[in-house]
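**Q** Protein chains in written order, with the numbering used here: chain A, 1 to 791; chain B, 1 to 166; chain C, 1 to 270.
Source of the hints: derived by calculation from the structure; they are not laboratory data.
Since we're looking at a predicted model, the values are computed, not measured.
Heads up, the beta-carbon is just placed ideally off N, CA and C, and yes, glycines get one too.
Take the hints with a grain of salt, since some may be wrong.
Computed from the model, here is a short list of chain B residues facing chain A with C-beta under 8 angstroms [claimed, not checked]:
| no. | residue |
| --- | --- |
| 1 | A25 |
| 2 | W26 |
| 3 | F111 |
From chain B, some residues computed to sit far from chain A (all C-beta separations above 12 angstroms) [unchecked claim]:
| no. | residue |
| --- | --- |
| 4 | G20 |
| 5 | E22 |
| 6 | D63 |
| 7 | A65 |
| 8 | T147 |
| 9 | Q162 |
Residues per chain, in single letters:
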Amino acid sequence: MDLMRPRAAATESDPPRRRDGELILSGRGDYLDDVRIPGLTYAAFVRSPHPHARVRGFRTAAAEAHSGVLRVLTGREAAERIGPIPHFFSPTNVGGKTTDFECLASTEVYYVGQPVAAVVATDPGDAEAAAELVEVDYDVLPPVLDAHQALQSGAPQAFSHWDDNLVVRVAFNEGDVAEAFESAPHVLRDRVKIQRYGTSPLEPRGYIAQWNPDGRLVVRASTQMPHPLRSALAAMFDLPETAVRVIAPRLGGAFGHKFHGYPEEGALCLLSRLVRAPVKWLERREDAMLVGAREMEHDLAIAFDDEGVILGLRDSIVCDVGALGTSAGWGMAFVAAMTFPGPYRVPAYDVESLVVVTNKAPWNGARGFGKESACLALERAVDLVAAELSLDAAEVRRRNFIPSTAFPYWTASKRLDSGDYQAVLDKALALGDYPELVERRRQARAAGRLAGVGIAFELTPEGGDFPGGLARGFDTSTVRMDPAGSVTVLTGVTSPGTGNETAIGQLVAAELGVSFDRVRVVQGDTDTTPYGFGNGSSRSLNLGGGAAVLAAREVRAKLVAAAAVALECDPGCIALDKDTVFREGGAQMPISDLARFVYTTSIAHPAVPYQHLEATCSYAPEQNLLHQPDSAGRTSSYPTFSNSAHVCAVEVDEHTGQVTLASYAAVDDCGVIVNPILVRGQLLGAIAMGIGGALWEEARFDDRGHPVATSFKNYLVPRSVDLPAIRVGHHTTPSPFTLLGTKGAGEGGVAGAVAAVCNAVNDAIAPLGARVSKMPLSAPNVLRAIREVTK
Amino acid sequence: MSKLDSQDVPGRRITVTVNGVERRAWCADRTLLAHFVREQLALPGTHVGCMNGDCGACTVIVDGAIVKSCLQLAAAADGAEITTVEGLGEPGNLHPVQEAFWAEDGFQCGFCLPGHLLVALKLAEQQGDPSEEEIRAALAGNLCRCTGYQSIVAAVQRAIRQTEGT
Amino acid sequence: MIRDRLRYHAPADVETACRILGDSPSAAVIGGGTIAVPRLGRGELRADDIVHLSRAGLAEVVLSEGELRIGSMVTYAGLLATPGIEQLNPLLCTVARGITGGDQIRNQGTLGGSICHANPASDVPTALVALRARLVLHSIEGEREVPAGEFLRGGFQADIRPGEILTHILVRPVDRSGYHKFKLSESSWPIVTAAATLTHDRQCHVVLGGVEPVPVRIDLSQIVGTESTIRELVAATVRPTWSDALAPAEYRHLISGEIAARAVAQLGGV
Ligand SMILES: Cc1cc2nc3c(=O)[nH]c(=O)nc-3n(C[C@H](O)[C@H](O)[C@H](O)COP(=O)(O)OP(=O)(O)OC[C@H]3O[C@@H](n4cnc5c(N)ncnc54)[C@H](O)[C@@H]3O)c2cc1C
Ligand code: FES
Ligand code: FES
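Bound conformation, chain A alone (with noise of 0.2 angstroms):
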């Protein structure tokens, strides 16, 4: 197929700002708890103590005797009246282990902070001193809580009924890794260890549960991923997925926190349903935090040769998932190992993710989905063979980069699209002034101080493709055109606050050739929109803005068909475009009326197409998805990768160990570029997200396994002094692989921030000979590694 460039790209001059701006600055935005449902009543969750424990029994006397309390649910309870919450993505699909897991424990809990039991009550605060009230009896059982320790025989067992810890071994390998090693005449090897931390959306979870008269459940819900949920719903309350309603209203950011599969879903429609009526939860600052993802240790080796060309990779990556849970989380494991070995042509690689469970809460999905993991290790290790060789850490990546014309590129487990890293490295570089901050960095260690220039280089794998769950890499758009000519569009991918209604919205404009103003998008609720799988690994704009341009596209040819007839003339002399049908050189009539013409004429006329002005199509880059192994063996989930090049500068305060942010300077190419301000946003906010992780960010538990980060005073994320100017630039090579030419924007930004500013301190205390691979980089990590040599 003759692949159709979309009629609007960032060579506009204009883009369109966001959508609903107006709402959103003046405080109409209509999120999750602005929502005023009549006779609302609130839960409150009972949660372990425990960080592993067998459930005796429940008292609940004194907490359902308690003013204003409706209702109080153990997990006895509720295990005989719901089936169990069903997988996001089940490692079974890749030939792992699981468990069930109940929204409320009834017999043994796997974590602090896991729910137990619950209250509802006519005030929320009624309902969390109830709450307390609430006796749980337990028999405290041993726990594990570091992965390493799990691995090992004897350990104590995360989930009682489990043989080992382990739910998966995933790998990935080409070449005679053996046979790389032996040969080469350079090895190195490190252990680089990324800290558990998760995404603290500033607006947290949030659900208003609810019984219409008639059945039908009712859910407003803050999730990424309003279909699976209600898919989900609808299999644990046994009921056909029609009776299921699920709306998500606006969110106040997501990042993969809001995908779904947390236990309080089920639980409080359990609840409503019980005291027959709306019952709604907020998720407080200190759950949130419960949530984690990263945690990840690398044991890894590099060969190479004399001019620092990589020869072989082994990695052996454990991933400390907590307790697995049924959200997406632990398949941040799986993308960590199949991301390698990034965008470096590696002959023989060896990659293995050991996916472990401990009694942590759960994971769930987080912006850089394991591909930060990566970035990490990979980044780190060829910055160890530059300083190896003393060569420049740049011309090493150069040396090594999968050159442009050789795409697309297969490796075991994708085929790379299309790109130019060294052209997107080159801009970065001049953009970040890199001689410049070379040359600072040499001065700045004449006068003693410690200084250091850091890069890297992120392949971020987009829009992935997982059969055998709902998570998945296509998407349906419906575009509808009215009899007035206004235009609405279904999708059935959602915002998080990304603004891809934004850009949805204007790709369709442009193929109707309507202004900006008259397209409307609606998403969110799964009672309009086409069944969708929402907002994730940076889909939306790709598969649910694809879908909405093969859909306008559809509608367009009606319409094009229509105004042939009323304007007396071949379809080809047919032009829409501002609001308006025009005709070769001649006469035009108003995009409104020509709606009007089809719907008002239509069979009366026989020419004038009488279906509706409406399309729905579904779109898949599916040319570049491979799931059954092709002869070579090598499948392909990801069908496009966008990739980024990080520069930045620090400072380190040798007496302290604190690091300074110097300068920061990043080029992107996520392909073709719809919107240059929502690209833009994301790549900063992505940026911001990374440097935060890279050097504060930290959901550390103490060792009796409580979580030690429960508000932002104890886990930190970046505020505006922490952060410089960040310079952002773009490299566009569209993909051949989507629609648009796009790749995708969101996720890209986090994995080459965490690396660049690892490299960076790295090369600041190198001259102390210390170094440190143990994230985050906060003061007392970084003062650590620089007294082990100088002490």
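Using the hints, position chains B and C with the ligands against chain A.
**A** For chains B and C with the ligands alone, kept in the frame of chain A given last:
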């Protein structure tokens, strides 16, 4: 320990002037100002992101001073003059500060906006010429997880320019 | 959400406030509320009655006979707005300006609330101990004055007796002062704080916070001048006995000498 009696929750009627309009409404003594504004006064533009004073999404102006409304009991606001984000401007008639945020893409999900807008308003009212560093410092009580702050800083700079002389 | 069905009181004077405190089986005082209100929300602080001092006439800074009398409801912003305060007490001004959380917290939080909360990592305890401030405590039984150094009894433990309210903080000027705090990032609570003072009678001290459960005073008079000796002296004097979620005790101890030296350096040549 909390009391288990079933008597009504202690509360009172308070009078506040919100966005220029005098309002009288009941609040429980335990109600936070943030929730009072959102629920009783039906002004949900003030957001609650942490209930711990950290995120700034609940920022309002009380008697001329910006405060975090999750840190204050509503009862304490009796008699006060309050400005919320709704008091800035409305669709079709945005305040220059709001326009500046839109023009500079100073938000994504918008959850942090109420705080950032009111801090920007305060800065703009001061009629000074703050440096980028000073603007960043002024924003330090407010978190944003989406933008990385850069576009917010630009929005504040534009807001200050646009309100100059007004 | 606050779970207790508490009653709110905003008494018009200190006497009434103390009476309510005395009468209630479980009452809590709140000043600016920046710590107390979230603690109520999490159920860490329980109360049937809330005594809010906002209307009790304690929000003034008065200068009398060379001594600053700071009402316990004076906020950081309120302190900074006091005419002439920069000259009268630059150390407290540095502290107030450096309080994080934005103008919002500086408008809401009080010096009194901070010293009563007695968080070892906070700024105010270190500064008040360094300034040898005295605290005026009032109850129905009367009034007493306690030096800040004695008022702080341990981490999160202040010498406030049941029924007592802190009404004023009394501070006398010092000749010169310096203040340095170290935190991990803008969001971070201070890790180590150091306040250095040079009094009119040439006494030179540095007080360190965040290293032990209470601020530690170190007399530098004999060794003034050489930074390295300050570092050594501090390292040898303070014990690593305080840690929190942000940093372990060893780390605080490791950097304490450096932080002290930075505060002392601000004194200029002494
Ligand atoms: C976002 C944020 C950032 C902050 N940044 C800093 C910082 O950088 N450095 C720092 O040191 N602190 C910081 N704080 C804490 C700040 O110091 C305190 O919040 C504030 O000063 C406490 O004063 P308050 O009046 O609000 O105390 P409250 O919350 O009102 O009270 C605190 C405690 O003291 C008791 N109390 C208060 N007043 C009296 C009184 N007069 N008599 C008897 N008991 C009383 C209360 O019962 C309560 O237990 C921050 C807080 C927040 C929320
Ligand atoms: S909700 Fe008030 S500061 Fe976050
Ligand atoms: S725009 Fe989402 S938190 Fe600021």
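**Q** Just checking, B:A65 versus chain A, shortest CB gap more than 12 angstroms?
**A** holds (20 angstroms)
**Q** Does B:E22 really sit off the interface, with its C-beta more than 12 angstroms from all C-beta atoms of chain A?
**A** holds (20 angstroms)
**Q** Using 8 angstroms as the Cβ threshold, decide whether B:A25 counts as touching chain A.
**A** Violated, about 16 angstroms.
**Q** Would B:D63 pass as off the interface with chain A, using Cβ distances and a cut of 12 angstroms?
**A** Consistent with the label, B:D63 stays out of reach of chain A, its closest Cβ about 20 angstroms off (over 12 angstroms).
**Q** Quick one: work out the minimum CB distance from B:T147 to chain A and report holds if it exceeds 12 angstroms, violated otherwise.
**A** violated (5 angstroms)
**Q** With d taken as the least Cβ-Cβ distance between B:G20 and chain A, does d exceed 12 angstroms?
**A** Holds: least Cβ distance 15 angstroms, greater than 12 angstroms.
**Q** Have a go at the B:F111 hint: is there a Cβ in chain A nearer than 8 angstroms to its own Cβ?
**A** holds (3 angstroms)
**Q** For the hint on B:W26, does the least C-beta distance to chain A fall short of 8 angstroms?
**A** violated (14 angstroms)
**Q** Report holds if the minimum CB distance from B:Q162 to chain A is greater than 12 angstroms, and violated otherwise.
**A** holds (14 angstroms)
Going down the numbered hints, you'll see the structure goes against 1, 2 and 8, while the others check out.
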